[in-house]
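Asker: Chains as they are written, first to last, in this note's numbering: chain G, 1 to 484; chain W, 1001 to 1097.
FYI, nobody ran anything at the bench for these hints, they're computed from the structure.
All C-beta atoms, glycine included, are put in the ideal place defined by N, C-alpha and C.
One or more hints might be untrue.
[Stated by the list, open to error] The following residues of chain G were derived to be distant from chain W, with all beta-carbon distances above 10 Å: (1) GLN33; (2) ALA65; (3) GLY229; (4) GLU232; (5) GLY327; (6) ARG329; (7) LYS377; (8) LEU381.
[What the hints assert, rightly or not] Distance condition first, Cα-Cα at most 25 Å in a straight line; then the derived PhoX-like pairs of lysine-lysine: (9) G/LYS107 with G/LYS37; (10) W/LYS1010 with G/LYS107; (11) G/LYS16 with G/LYS4; (12) G/LYS471 with G/LYS4; (13) G/LYS107 with G/LYS391; (14) G/LYS91 with W/LYS1078; (15) W/LYS1010 with G/LYS85; (16) G/LYS64 with G/LYS4; (17) W/LYS1075 with G/LYS91; (18) W/LYS1075 with G/LYS85; (19) G/LYS16 with G/LYS240; (20) G/LYS391 with G/LYS91; (21) G/LYS262 with G/LYS85; (22) G/LYS36 with G/LYS85; (23) G/LYS16 with G/LYS107.
[Unchecked claim] Stretch by stretch, here's where chain W covers chain G in the computed footprint (C-beta under 8 Å, at least three residues): (24) 135-141; (25) 434-448.
As a plain string of letters, each chain reads:
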Amino acid sequence: MHRKTLAELATDLNNKTISSVELTQHYLERIHQWDKKLNCFITIAEEQAMQAAKHADALRSQGKATALTGIPIAQKDIFCTDGIKTTCGSKILDNFIAPYNATVVEKLNHAGMVTLGKTNMDEFAMGSSNETSYFGPVKNPWHLDCVPGGSSGGSAAAVAAHLTPAATGTDTGGSIRQPAALCGITGVKPTYGRVSRYGMIAYASSLDQGGPMAKTVEDTALLLQAMAGFDERDSTSIDKPVPNYAATLNDSIQGIRIGLPKEYFSDALDPQIAHAIESAVKEYEKLGAVIQEISLPHTHLAAPVYYVIAPAECSSNLARYDGVRYGYRCSDPVDLQDMYKRSRSEGFGSEVKRRIMVGTYVLSAGYYDAYYLKAQKIRRLIRDDFTAAFKNVDVILCPTSPTPAFKFGEKTSNPISMYLSDLYTIAVNLAGLPAVSLPAGMVNQLPIGMQLIGNLFEEAKLLNIAHWYQKVTDWHTHSPEEFK
Amino acid sequence: MSLTNDAINKIAHLARLNLSPEETMRYAPQLSNILQFIEQMNEVDTSEQAPLAHPLDICQRLRTDAVTEPDEREKFQKIAPEVEAGLYLVPQVIEEA
């Protein structure tokens, strides 16, 4: 049952061959059986899940079910959940019970989905390996010595190991797509402003965007349908109608123009991944796509620009953790300054402190123009590269990550080498574009991901093109042996 | 750009963080490396460029100045580290006369 896609489970629920209570119980049992090994979950919300499942079954019997009613989902622990602990992977929020639901959670609840629990993540979403979580790293289900990617590593590993049919993630520089690639699942980073950020704990506000993670493109389309839409509680939410994503999944892609950015196929790319991506390109050619090389000339500046803008916004956002109104407070502070400093020093881990300090520095008097303003100017150049490219192509195809999953500890001593694992995903956030990562092969028994980047608000076209790849290949059906 | 231990401690103070001497020693070369990495930006002439603060290059929406938030006082107070009579308590900040 747990090998089924979300779409298949929806059909089963609709045909009443299974109930939500049975389905939820099955996944909770799998979590209890396997999660000691994987550490995907920070909190398992067993009681609330069973209640929600009963409620979903009742709705269905009254004929009030939606396509997603009764289907279990895991929420990344960055989304506030009323009554269930929300830690953001940090000691500083280890005791935090949010007083309200994030809009994403509210919408998925409203659709009748059943929250199984909250998934592990890099602390405040700052990391690409899940090693910065206060709650210990998540293991990659394909190889327990390897990282699952990050920061939505718990969500990705939980879907890959079939501990949940779906999960939410957030993506600031690749945090949905990179773990999706490293765990062999499908993840969508929507256009900036498409999914509400209300109640989604902020890391870098001009880059953060929530999105779905699941086994297939079709599943993510169904989830995005429920997650997307205007929210007046998020001042950056865009008031644009949400198209029916599932309706256009099977539209013909004959004649579609796919661009291959030459800068993304450089020496940094693992040759075996390059080979897998070439095979994917051939599949698209067979489907009638027109392939052309394109150039995104400022690509090499995306990581430096990101590591100014993201830390700057993080240092400002994380100033709110002061030990006054919620979260961790140090014991016996001698005065207010001591309370601020010790609460923050004891509450934050080392990567978070590092980024807060980089951000504080680049925003400090005398350096603002040289760093932050400069980065925002180059951000425009990076955005303009994409704008120009989309005049000639419908979608851009490239690898998601330069390497497959790496070993624990391999990149922890050198922050820059860790930062470069998001080389192919970062520019998308700077430009606010939608992108999807989907499984596209295996290298050394580890899954690798292909990334498709679309133009602003063209999620429907993007998902349509991505779905066709899964119609003609079966990489998305591969599963780690141990968790079958 | 290479940052001295003193510079690191100054940044830490601005960020309201305490660093142990070991942390300062560790962060100094790491932050210097990160700044060096960031300085690749200098190869581009941006004198003619306008900064891009919002990825879609649009302004934030305004709303009418109306009270829309529900009263969640009890819930907010419940998760605070220390409260008394409906107030948040912090160490004394005003000196006694």
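Asker: Indicate, hint by hint, whether the structure satisfies it.
Answerer: Here is how each hint holds up against the structure:
No Cβ of chain W comes within 10 Å of the Cβ of G/GLN33; the nearest lies about 33 Å off, and the non-interface call holds. Every CB of chain W is more than 10 Å from the CB of G/ALA65 (nearest about 29 Å), matching its label as outside the interface. The non-interface label for G/GLY229 is consistent with chain W: the shortest C-beta to C-beta separation is roughly 15 Å, beyond 10 Å. Remark: the non-interface label on G/GLU232 conflicts with the geometry, its nearest Cβ contact in chain W lying 7 Å away (cut-off 10 Å).
With a least beta-carbon separation of about 8 Å from chain W, G/GLY327 fails to lie farther than 10 Å from that chain, contradicting its non-interface assignment. At roughly 4 Å, the least C-beta separation between G/ARG329 and chain W is not larger than 10 Å, which violates its mark as non-interface. Look at G/LYS377: its CB is around 4 Å from the nearest CB on chain W, not clear of 10 Å, so calling it non-interface is violated. The claim that G/LEU381 is not at the interface with chain W is violated, since a C-beta of that chain comes within 10 Å of its own (minimum 7 Å).
Between G/LYS107 and G/LYS37 the alpha-carbon distance is near 31 Å, which puts this suggested pair outside the 25 Å criterion. Simply put, W/LYS1010 and G/LYS107 have alpha-carbon atoms about 44 Å apart, too far for the 25 Å limit, and the pair is violated. A hinted pair counts as satisfied when its Cα atoms are at most 25 Å apart, and G/LYS16 with G/LYS4 qualifies at roughly 15 Å. Between G/LYS471 and G/LYS4, the direct Cα distance comes to roughly 16 Å. Compliance with the 25 Å bound is thereby established for this hinted pair.
Under the criterion of a C-alpha separation no larger than 25 Å, the hint pairing G/LYS107 with G/LYS391 is inconsistent with the structure, at around 35 Å. For a cut-off of 25 Å, the pair hint linking G/LYS91 to W/LYS1078 stands: about 19 Å separates their Cα positions. Between W/LYS1010 and G/LYS85, the direct Cα distance comes to roughly 35 Å. Violation of the 25 Å bound is thereby established for this hinted pair. Straight-line distance between C-alpha atoms of G/LYS64 and G/LYS4 comes to about 24 Å, which keeps the hinted pair within the 25 Å bound.
Note on W/LYS1075 and G/LYS91: the hinted pairing holds, with a Cα-Cα distance of about 21 Å set against a maximum of 25 Å. Restraint check for W/LYS1075 and G/LYS85: the C-alpha separation of about 14 Å stays at or below 25 Å, so the hint holds. Taking the CA atoms of G/LYS16 and G/LYS240, the gap is about 35 Å. The hint is violated against a cut of 25 Å. For the given pair, G/LYS391 sits about 47 Å from G/LYS91 by alpha-carbon distance, which is inconsistent with the 25 Å threshold.
Proximity of G/LYS262 to G/LYS85 is assessed by CA-CA distance (about 45 Å); at most 25 Å being required, the pair is judged violated. Distance restraint check for G/LYS36 and G/LYS85: the Cα-Cα separation of roughly 19 Å lies within the 25 Å cut-off, and the hinted pair is therefore satisfied. Distance hint between G/LYS16 and G/LYS107 is fulfilled; the C-alpha atoms sit about 24 Å from each other, no more than 25 Å. Judged by the Cβ-Cβ criterion of 8 Å, the stretch 135-141 of chain G is not covered by chain W as claimed, because only 0 of its residues qualify and three are needed.
Only residues whose beta carbon comes within less than 8 Å of a beta carbon in chain W count, and the stretch 434-448 of chain G has 0; fewer than three means the coverage is violated.
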